[in-house]
Amino acid sequence: MIWIDGVLVSRGEGGVYGERMMRGHRVWDPYRSKLAAYYYLGGEVSLESRMRVLYLGAAHGTTVSHVADSTEVVYAVENAYAPMRDLLAVASRRKNIIPLFADAAQPSSYAPIVEEVDLLFQDVAHPDQASIALMNLPFLRRGGVALIVVKARSIDVTKKPADVVHEVSHKLAESGLYPRRVIWLEPYHRDHAILECPRD
Amino acid sequence: MIPGKPRSLSMPSYWFGDVTGGKCTPAGSHDPEYLSFRLDGIRTEMESFCPPAWEAARDSGFVSSRGEYIRVLREVCIYRAEKALALVAARPEQELIQMVHMRDQLDEVINLVTGRALEWHAARSPEFSRKFRTLKGKRALEALVAGGSPRVRGIATGMMHLSEVKADLTREIEQMAGEVIPNCTGLVGGVVAARLLAAAGGLEALARLPAGTIQVLGARTALFAHIRSGSAPPKHGIIYQYRKVHGAKKGRRGKVSRTLAAKIALAARIDYFRGERDEEFLDTARAAVKRAAGESGS
Numbered sequence: 001m002i003w004i005d006g007v008l009v010s011r012g013e014g015g016v017y018g019e020r021m022m023r024g025h026r027v028w029d030p031y032r033s034k035l036a037a038y039y040y041l042g043g044e045v046s047l048e049s050r051m052r053v054l055y056l057g058a059a060h061g062t063t064v065s066h067v068a069d070s071t072e073v074v075y076a077v078e079n080a081y082a083p084m085r086d087l088l089a090v091a092s093r094r095k096n097i098i099p100l101f102a103d104a105a106q107p108s109s110y111a112p113i114v115e116e117v118d119l120l121f122q123d124v125a126h127p128d129q130a131s132i133a134l135m136n137l138p139f140l141r142r143g144g145v146a147l148i149v150v151k152a153r154s155i156d157v158t159k160k161p162a163d164v165v166h167e168v169s170h171k172l173a174e175s176g177l178y179p180r181r182v183i184w185l186e187p188y189h190r191d192h193a194i195l196e197c198p199r200d
Numbered sequence: 001m002i003p004g005k006p007r008s009l010s011m012p013s014y015w016f017g018d019v020t021g022g023k024c025t026p027a028g029s030h031d032p033e034y035l036s037f038r039l040d041g042i043r044t045e046m047e048s049f050c051p052p053a054w055e056a057a058r059d060s061g062f063v064s065s066r067g068e069y070i071r072v073l074r075e076v077c078i079y080r081a082e083k084a085l086a087l088v089a090a091r092p093e094q095e096l097i098q099m100v101h102m103r104d105q106l107d108e109v110i111n112l113v114t115g116r117a118l119e120w121h122a123a124r125s126p127e128f129s130r131k132f133r134t135l136k137g138k139r140a141l142e143a144l145v146a147g148g149s150p151r152v153r154g155i156a157t158g159m160m161h162l163s164e165v166k167a168d169l170t171r172e173i174e175q176m177a178g179e180v181i182p183n184c185t186g187l188v189g190g191v192v193a194a195r196l197l198a199a200a201g202g203l204e205a206l207a208r209l210p211a212g213t214i215q216v217l218g219a220r221t222a223l224f225a226h227i228r229s230g231s232a233p234p235k236h237g238i239i240y241q242y243r244k245v246h247g248a249k250k251g252r253r254g255k256v257s258r259t260l261a262a263k264i265a266l267a268a269r270i271d272y273f274r275g276e277r278d279e280e281f282l283d284t285a286r287a288a289v290k291r292a293a294g295e296s297g298s
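Just so you know, the sequences run in chain order A and B. Just so we're aligned, residue 1 is where the first sequence starts under the numbering used here, counting upward by one. Just so we're aligned, residue 1 is where the second sequence starts under the numbering used here, counting upward by one.
Just chain B, same shape as in the assembly (with noise of 0.2 angstroms):
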C-alpha cells in the first residue's frame, strides 16, 4: 500500500484525504502507518491555508461520525509522535547526556548526605573535632564507618557504595563519550564533554552553537546578571572544570577559555558531522590551548 506521489500544491490535502472543487478523495485505510505516511508527503502553503473540516472526511465516507473522526486522528498522531520519539531516543548521545546527569547528582547526594552524617557524629561525639568535621570524600566516610553509631556507619557504608557506583558511571561515561563525542572527548575528557553536551541538548545542538556560546554553557546565572545589571561577563561555565582552564593563572584564564572554547566547537562539528577521532586536529588543537596558557606550544 503505497500513498500516491506528493500531492501538488493547489490542491489541499489533509491527513483524511484531498480536496479538489470542493470534492475530497478519502484515504485508502484507517491504518496508522500508512497515513502517517502519507503525512510526511504533504506540504501545505500557509498563505492559502484552510484547515480540515471534519465534514469533508464524514462526506467523503472516510469516517462516519465525528467520534470515528476523532478516534482514528487521535491513532495516527500517538502513532506519529511515539514513532518520533523512539528516533529521538535512538540517538546514543541522548543516553550519555543521563548518564552524566544521573553522575553529577550521585554527587550531589553523596557530599550532602556525608555532610549530614558528620554533623550528627559530631554532635554525638563531641570528642570529633572541628578538624574532623572538614574531612571530605572517601576519607569522610572511612572515619564514620569505623567510629560512627550503627545508623551513622549504615548510612556511610551506603555512601560507599553509591561512591563506588559513580566511580563505575564515571568510566562508562568516559568511554563512552570517547565513542559518541570522541573529539570533544580528546579535548576536556569524557565528563566535561558529556556535560557540554547535556547543556547544548544533543549533538547536533552542540554542533551548532557558536565557540562564544560554548565558552559560557553553564554560566547563566552570570551572563544573566551581567546582562541586567552590567557586571563582569563570565569567563567561563562548564569548561572551567577542565584542568587547563581552572589550572591557568588567573590574568590567563579568560584567554585559555576563550581558544578552549573554539576548538570545542571545531571538535563538535567533526563529531557530528564525520563522527571519527582526529589525531591531527587534536594535537593542533591542544597546541592552540597550551599556547594560550603560556606554556610554550610546539
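With the rest of the complex left out, here is chain A (with noise of 0.2 angstroms):
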C-alpha cells in the first residue's frame, strides 16, 4: 500500500471519478471505499502486484479502480444495469480489468472465465452475504484471503449489527471459513464490517 503523509493513495491514471491527485498519485478516499477504509483502520491484507483479485459487486469502479493499481489483474462481477455501464468506462482505461455483467449468486455463469485468485473481495448488498462468500469459494486459492464487506443493514434492519455479524462469521466458520479478525468500518462507514477470511 502507498501512502503519502498519512494519505492513501494508488498508482494510475487518476480522474476516474474524480478523485483528487497528489504528487501524481490518486487519493484514495477512505469514506468512498470501504476497502479504503479497511487500510486506513489497520487492515493488514495487503495489495500486491501479483494479485489476481475476484472482486464481488463492482458497483461504479470506483474501488476496482484502486484495487486494479495496485494488483496484476481484477475480475469485477457487477448485476446491476447502470453501474456496470461505468464499470466498463473504467475498463475501458484499464487493462487489467475483466468485467462482467453477472449474478455474484450465480458463480456458474462467469465460471469458465475467472481463474484461481489470491484475494477475494465482496462487497454486495444481498440478505445472504455468507452463502454468496462460500458459493465464490472455489476461485480462491488456498492461503488466499477473502474479505468480506458486511452491511448489517442490508441483511436484517431489525437485529443489531453486532449481531448480524456474528451470525455471518458463524456461518461461515460452519462452512470452514474462520473470519480471523473483524474490523468495523467506523467512523467511515456506519454499520458496515469487513471480516478477515483467510481460506486454508
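Just so you know, these hints were derived from the structure itself, not from any lab. Take these hints with a grain of salt, some might be off.
As the list claims (entries may be wrong) - Computed beta-carbon distance windows for the label pairs:
| id | chain 1 | residue 1 | chain 2 | residue 2 | range |
| --- | --- | --- | --- | --- | --- |
| 1 | B | Arg71 | A | Gln106 | 23 to 29 angstroms |
| 2 | A | Arg23 | B | Ser29 | 43 to 49 angstroms |
| 3 | A | Glu167 | B | Ala90 | 39 to 45 angstroms |
| 4 | A | Arg153 | B | Phe37 | 37 to 43 angstroms |
| 5 | A | Glu186 | B | Gly154 | 43 to 49 angstroms |
| 6 | B | Glu127 | A | Leu41 | 56 to 62 angstroms |
| 7 | B | Ala53 | A | Gly12 | 26 to 32 angstroms |
| 8 | A | Val7 | B | Gly154 | 25 to 31 angstroms |
| 9 | A | Asp200 | B | Glu276 | 25 to 31 angstroms |
| 10 | B | Arg66 | A | Glu186 | 36 to 42 angstroms |
| 11 | B | Tyr34 | A | Arg23 | 43 to 49 angstroms |
| 12 | A | Glu186 | B | Glu280 | 57 to 63 angstroms |
Idealized CB from N, CA, C, for every residue including glycine.
Both chains come to you apart, so use the hints to assemble them.
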C-alpha cells in the first residue's frame, strides 16, 4: 500500500471519478471506499502487484480502479445495469480489469472465465452474504484471503449490527471459512464491518 | 464458424478451450463474438469445479503469453458485457422509467426554484403579502413574471418554460405507458403506472411482485419504521397518488389500496406476458376497486 503523509493513494491514471491527485498519485478516500477504510483502520491484507483478485459487487468501479492500480488482474462482477455501464467505462481505461456482467449468487455463469485468485473481495447488498462468499470460494486459492464486507443494515434492519456480523461469521465458520479478524468501518461507514477470512 | 455441440459435463470447458485428460483443445479463434458464443454453450457444475489455469491456454497454443491471455479475455468480457447492456437498454420500459424519473425531478426543481424566487421577491417588495407567498405553481410564476425584478422575471420565465417541458413529457409518458404497460395504465393512469414500474425496476420485476409489495412500493421509510419500531404499517405507497385511493374516505383507503394493488399485480402480469390491453379485465378490475371504495360497483 502506498501512503503519502498518512494519506492512502494508488498509482495510476487519474480522473476516474473525480478523485484528488497527490504528487502524481490517486487519493483513495476511506469515506468513499470500504476497502480504503479497511486499510486506514489497520487492515493487513495488502494488495500486491502479482495478485489476482475476484471482486464481487464491483458497482461503479471506483474502488475497483484503485485495486487494479495495485494488482495484476481484477475480475470485477456486477449485476446491475447502471453501475455496469460506469464499470465498463473504467475498464476501458485499465487493461487489467475483466468486467463481468453477472450475478455473484450464480458463479457458474462466470466459472469458465475466472481463474484461481489470491484475494476475494466481496461487497454485495444481499440478505445472505455468507452464502455468496461460500459459493465463490472455489475461485480462492488455498492460503488466499477473503475480505467480506458485511452490510449489517442490508441483512436485517431489525437486528443489532453486531448480532448480524456474529451470525455471518458463524455461518462462514460452519463451512470452514474462519474469520480471523473483524474490522468495523466506523467512523468511515456506519454499520459495516469487514471480515478477514483466510482459506486453509 | 460454429462452435461444437454443448460440451459434456465430465469435460471441463473454459473460455479458451476444452480440457480432457490433462490435454487442452484450444478454441478456434480469438474473435470476441466467436468466443462469447462458445461461452454461452458452456455449463459448469460448481461441485466439481476447478478454475481455469492460464498455463493450459498457453501450452495448447491458444495464447503465447500471460499478457496476451489477459488481453484476449478482457476483449471477450467487454464484448459480452456491452451486448448484455444493449439488450437491457433495448427494453422500451427502461426508457419509460427514465422519463418518469425525469418528470418527477423536473417537478421538484420547478417547485424548489419557484419557492425560492417567491421568497426573494417578497424580500425585495414587502407589499408582496403573505397571501401571495402561498401562491403555487403556474399562478406564482405568472405573478413573478409580471411583477418581479428583471432577474426574478428571468428565472420565472425559465421555470415556466420548464413547466411546459414537464407537461409535454407527461403527455409522452401517458402515451408510452399506454403502449408498454397498457393494463396498468388503464387502471391507474400512465404516470402512476410508470412510477410503479420504476420502483420495481422493470416490467418483469413488477410482474413478479406480490400484490402486498405493490401496495407499499414507494413507502419504504414507513415500512422499515414499522418493522423496526412497530408503528402502524403503511397502507399505501405510490398508489396513494391514484385519485381513487387518496380520494377515498379515510377509513376506506386501506381497503381500496389493497384491492387496487391486487388488480395492478394482475395487470402487470397481463402486460408482461401478453402485452395487450384487456378491456374485459379492466372493467371487472375497476368495478372491484369501486366496490372497495364503497361506491356501487356494477
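Going through the hints against the structure:
no.: 1; hint: B:Arg71 to A:Gln106: 23 to 29 angstroms; in the structure: 26 angstroms, holds
no.: 2; hint: A:Arg23 to B:Ser29: 43 to 49 angstroms; in the structure: 45 angstroms, holds
no.: 3; hint: A:Glu167 to B:Ala90: 39 to 45 angstroms; in the structure: 41 angstroms, holds
no.: 4; hint: A:Arg153 to B:Phe37: 37 to 43 angstroms; in the structure: 41 angstroms, holds
no.: 5; hint: A:Glu186 to B:Gly154: 43 to 49 angstroms; in the structure: 47 angstroms, holds
no.: 6; hint: B:Glu127 to A:Leu41: 56 to 62 angstroms; in the structure: 59 angstroms, holds
no.: 7; hint: B:Ala53 to A:Gly12: 26 to 32 angstroms; in the structure: 28 angstroms, holds
no.: 8; hint: A:Val7 to B:Gly154: 25 to 31 angstroms; in the structure: 44 angstroms, violated
no.: 9; hint: A:Asp200 to B:Glu276: 25 to 31 angstroms; in the structure: 58 angstroms, violated
no.: 10; hint: B:Arg66 to A:Glu186: 36 to 42 angstroms; in the structure: 40 angstroms, holds
no.: 11; hint: B:Tyr34 to A:Arg23: 43 to 49 angstroms; in the structure: 45 angstroms, holds
no.: 12; hint: A:Glu186 to B:Glu280: 57 to 63 angstroms; in the structure: 58 angstroms, holds
Of the numbered hints stated above, those contradicted by the structure are hints 8 and 9, listed in ascending order.
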